[in-house]
Each structure stands twice: as C-alpha cells, then as structure tokens.
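Trainee: Dock chain B against chain A, hints included.
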Amino acid sequence: MSTTAVNTDRNSDRWERNVPVFGFPVVNGFFLGLSALVLIALVLTGYRELAGLGPVSGMNDAFGWGIWKTFNVMVLTALGSGAFAVGIAAWVFRRKKLHVLMRMALLTSFLSYACGLLLLGIDAGRPWNFYWIVFPWRWNMHSPLAEVAICMSIYAMIPLAIENVPPILERLWYFDSRLRPSVQKIERGLHYFYPWIIAAAYLLPGMHQSSLGALMLLAGERVHPLWQTAWLPVLYLGAATFMSFGCVAGTTMLCCLVWKRTMDMDVLDEAARITSWLIFGWLGLRFFDILFRGALGTAFHFDRFAAVFWFEVVLVLAGGLMLLRSVRTHELQFMFLGYILSSAGGMVYRFSPTTLAFRPNPEALYFPATIEVLVSLGFISLGIIGFLIAVKRLAILPAPLHEWHDMASYFRFRRPYIRWTGYFKYGYFGEDEPDTASND
Amino acid sequence: MGITRRQLFSGAAKAGVPAAIAVTVGTDILRAGEPIPVPNAAVGLLYDATVCIGCKACVAACAEANDTPPDTRGDALHQAPSDLNDLTRNIIKLYKPEDGSAFSYVKRQCMHCLDPACAAGCPFQALHKDPESGVVNWSAEECIGCRYCTITCPYHIPRFQWVGFNPRVTKCELCSHRLAKGLKPGCTSVCPTGAVIFGPRTVLLREAKQRIQNSPERYYQNRVYGETDNGGTQVLYLSKVPFEKLGLPELGPESVPAKTLRWQRRFYQYFALPALLYAGLVQVIRRSLKGHEQEAHEREKQTGLRAQL
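Heads up: the sequence lines are chains A and B, in that order. Per our numbering, the very first residue in the first sequence carries number 37; after that it's consecutive. Per our numbering, the very first residue in the second sequence carries number 74; after that it's consecutive.
So that you can see chain A by itself, here it is in the shape it has in the complex (with noise of 0.2 Å):
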C-alpha cells in the first residue's frame, strides 16, 4: 500500500524533494530595498550610456578594467560555478546525494552569470559590435577573452538556461491541468536531449572559468609573481570550485535559518567534504606552483603584495579547517563560517591578478567610483531578486518529504480559493490520496 509508505517517510528529515517555499510574501521591505537599488542602477546605466565610462567610473589608462569585469564578473561568475562544480560530482563523480542541490546550484549559477553578463554588456565600451559573435569566422579562436565571452554567452543561454527548464515545467503542470499534455510533450524531448546539454554544461565553463585566469596571463611581467604563472588557469578553475560549492551549500544553510527548514546533515556532509577536499588540493597546487617558481620569497616582503597574499591563503585555510571539523562534529555554525571564509578567501584570490596585484607600467590607482559601486551593487541585487522571487514561486529548495505535504495543507486551509496549485491533490493527513499512484 503506498499510504503507508507515505506516513513513515513523513517523520524523516531526509532531503528528498524541492518545495517552493510557502507562507512567506514575495514582497517585503528587503525586496523593496533590492528593487530601489536596481532602479538606482538602471538609471545610471542610462547615464553611464551617455557620458561614457569615464565619468562614471574610477578606471583609468593604467586600470582600463574595474570591478564591473573584475568583481562581477571574475568573482561572481566563480561562486556562480554551482551548476558547474556541484553538477559534476552529481552527474559524472556520482554524489547521489548532491542531486538534491541541483536545482539551487542551477538557478544561483543562471542568476550570477545573467547578471554577469548584463554588468559585461555595459562595461563594453562599444556593445553593439558584440554582434560579431554570431559570425564564428570573425573569432579570434585563440584569445582568452574571446574564449570568454562566446563560451560565457552561450553557456548561459542555452544549456544553463535549459536546465533551468524542468522548474518551470513543474510549476506549470501543476498550475493547469489542461497544459499537462503539452508540458510532458516538452519534458520528454528535454529528456531526450538531457545528456548532451548536461555534458555542454560541464564542457563550456570548464573551459571559460579557466580562460578568465588565462586572462592575465598575456599581462606578463605585470602580474605580481605570487598570481603570474602558467597554472593561473587551472588555480581559477580550482578556486570556482570550492567557491561555487560554498556558494551553494552555503545559500542553502542560511534559507534553511530564514525560512524555518530541517537540514539534512548527511547532504551537507557530504558537500562539506567534497570542498574541503577541493580547498586542501587546491592550496596544495597554489603552493607548490609559488614554491617551484620560486616566488616564495616575496610571499614575506613586507608590501601590500603579501598582505593580500597571506590574508587570502589564511582565510581559504581556515574556512577548510573549520569545513572539516564541522564534518566530524556535525557543528553547523562552523560549516557556514567555513564556507563564507573559504569563499571570501576565493573571491579575494579571483579579484588580485587584475586589480590587487596588478602592477601597470606608469604607476596609477585605481578605486572605484561611487557610480560604478552602485551599479555593481544594483545588478548584484537584480541576482538577488531574481533568486527571491524563484525560491518562492519554484520548486528550488530542498526540503524533507513532509515539507512537501505541509506545503499542500497550507494552501488546502489557508488559500482554499487558490485551486490552481495542485499542490494540495495529497492534503496532510492523506484523505486525497489514491490507492495506486498515478504520473499525472
């Protein structure tokens, strides 16, 4: 009998299902405060539009790029790795138990990489020849920018896009009973197609989260020694890694502290492992490159160089500390403190080669400008939105199987006028359920 199945799984906290989170408005202050920001940002896009980058921003002849590239991008697209990075140990290493995180990882990694790319289109000092990347032949095949900008574009307008499908789908069938034929229809040719865009959604970010760290490479000698080397592709591509998972498990801890939800040790565990395995790996490869190179030495001269060194070595070390006593002692608070530390130390290694520890010919400083702050943080906080919005309108957090049901008895007694949802077909005490389960 299914019913039965169904009341001994509803005493488990065992992640299983992701459920839209209900009994909390769309709108409230702190969405309205998002949204002042946005508007603030969107007007001083028109500006920046008119006047050019100079007027707006702090970037110079000597720092021709600012934090639109380098933070917004650079940093934000590497915790936005998610789909990436968690998606690999899903799919391809076989964490079964991370398939739970997907759907978040999926949407803060379509979210960073929109807004990105947005940030990067006004960044662009002359945005409508970026048209040329329709025309392969115009492609210059072995510059890291260009590598970057078409591998980041259609990363994230196709394959990123289209994981980011099923959701949608999945609110519709319950939305209408009319569109479930076409929306299965739909799931089945996405299906079919699921292996290649999942493999090209592992291929494309491989490659342009390691072409950003390729980036600097033509900058030479101008690049502090403790960043410059030939490994600064693969140190990016480890650090959005690590980053992308702190980004994830991280996002999903605080939603389970704002929203009330039961946390599944065994998930986080288990994501906690794997970034600590990729945070000590990953300090391994940065150490023995600097050792090799011969560049330790400078690691303790007593410069702004060092400084930025050792604060970022010693924050992703003790973010990896406290990620793998958090696994042996099942301390939450350690798990999130380490995910924030080893993530930060991350971003600050992200935002050095091109700004910290950038040394440009004619000696120049480079701070930003109060424009280029706002916009920067408007179009973080159109990310923010967007997640907001999704998280409570989509079925993205994971959450308990009983969760699910609480879901559908809240709308069954507290919206009883919403027949829409679905949802509550099963109502909590199971009245509704038939015998043999059924697809549709």
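Hints are all accurate, no fakes.
Cross-link-like lysine to aspartate or glutamate pairs, in silico, EDC-like; alpha carbons within 20 Å at most:
1. B/K363 with A/E223
2. B/K169 with A/E399
3. A/K133 with B/E368
4. B/K318 with B/E300
5. A/K133 with B/E366
6. B/K332 with A/E257
7. A/K132 with B/E373
8. B/K318 with A/E257
9. B/K166 with A/D97
10. A/K133 with B/E371
11. B/K374 with A/E223
12. B/K318 with A/E399
13. B/K332 with A/D325
14. B/K318 with B/E171
Residues from chain A shown here face chain B by an in silico Cβ test under 8 Å; the list is partial:
15. P163
16. S179
17. L254
18. W440
In case anyone wonders, no lab produced these hints; they're calculated from the structure. Built from N, CA and C at the ideal position, the CB exists for glycine as well.
Mentor: Leaving out everything else, chain B in the frame of chain A:
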C-alpha cells in the same frame, strides 16, 4: 556482414581519441623558440634617441596627419599632453635622472610587434596585423571596447577614450592612410634632425647596425631594441641610456603571446581536445542519468508524488 550503428560510433570514438591527442600534442606551429615570420613588405620606424632634440614637431605633425584636434587639456592653450591618450598617438618624453648623468628623449608610439599581444587578445580581431605591411591597425567595426588591449600591450600603447558614448581606441597605425597615398608617416616627414626615419624594416635594421658600427661607444649595449625583443618589432630604437629607462622593458627574445599562451593555444587547437572531452562526458552522463531516472521513478511509486528531475 555489415557493421551496426553501435560499431560505427564506437569505432569512430576509438579513432577519435588518438587523433585528438595527436592534434593537441603534435601541433607544429606552436613549438617554442621558433622565429616569428616577418611580413614581406614590413615597414617601420627607426628612432635614434641620441639624435632627437625633443622639439615635438612629430607630435604636432602626428595630430595633423591623423586629423585629431590638438590635446590642449593641460593648460587650455598649448598642445602639451603628458602621456599618450585618446587624442595622442605619438609623444616625446624626457628621461632625466636625478644624479645628473646622461639624459635622453624618447618617442613613444606603437611598436608594431611582429607578434602583437594586443591582436592576440583582441576577441573579434578589431586589432589586426596587416599581412603585407605588418602595420597593426584598429577597426571600429569589430571593436567591442573591452579594453583588453590596454591590459595586454607590454608597451602600454593602446589608449581608450573614456568620455563619450562612442569611444574609440587610439594607437599609432603608422599613418596607413598616408602610406596608401605613397606618403611617409606624419612624424617622419617633419623630423628636423632625422631622429625618426621611415622605411622597410630590413633597411632600417641595416642602417641601425651601421650606426652602431660607425660609433661603437655611442649606444647602449650596442644593440638595436626591437630586432629580437618581444619576438621582434617593426619600430626600432637606438639609445645611449638603458632601454628600460625609456619605458621599453626587457622582454626577452620570445614574444609575449608565444611565451604565455602556448598551452592555451595547444588546448584549443582545432577544438580537438574539448570535442573529445565532450564525447566522454556525454557517455558518462548518459549512464548516470539512466540510473537516476530509474531511482526517481521507483520513489515516485512509493510516495505518490511526481518525480523531480
């Protein structure tokens, strides 16, 4: 007996692996230390800092030849830019050490490298090296304004226009429009002492070596900067003070792109290795997807809730 579709695919895959690896490892054009070919009709400049009197006639002539307004932003009166900028493709600077030893002027403009880093990084080939004359030109139709050239150029030459909705990248293009009409570049046509001269690169190189031979004590290291530096450049320098003091870094005989992008170029050669990786990923994911779907449908039967994939 014919072959099945499965045999065809697996056979192709088995042949593809060594083929992709062979393409990636054995690519001929990417070997280290190979001299960079010089374009047939490579033209350039020879600047002799020991002859330059710092009159800046070339700066004014450059602006005139390129039809740019004089940069009077310094004092609202004189054309006196402090460095290369969006209105200045060519500038004369002074190196004057504190200790009173030998001073020198230096003329800075694009070096027209044989293997230019700016063009190597330019995503849609807006900066490109002319295959005949070897001049590195910029075209507004392809430039997306990413400013990667200002990061990559080891001589810090290309400058971005920071103000205005339609910014341009400014760099010396060796007066290509004048060369097409049979004229010399603006700077060389006005130099009163012949400190900067224009000609085919081979002729200029011979001339420079002749000058070193004629007065062996006169020049730093008895060396022509640009003969082999950064893989060779089409603008050549002679100086009595160290080149580094004039803003010409010692980059070694290998060009910056060849030195730094060798692995990058090898990896993406004909896209062979990425294609191989892709095929492998598809195979692995197909199998995990099958297992995952099976588990999801079994769970669906147990819970009565629609499987989420």
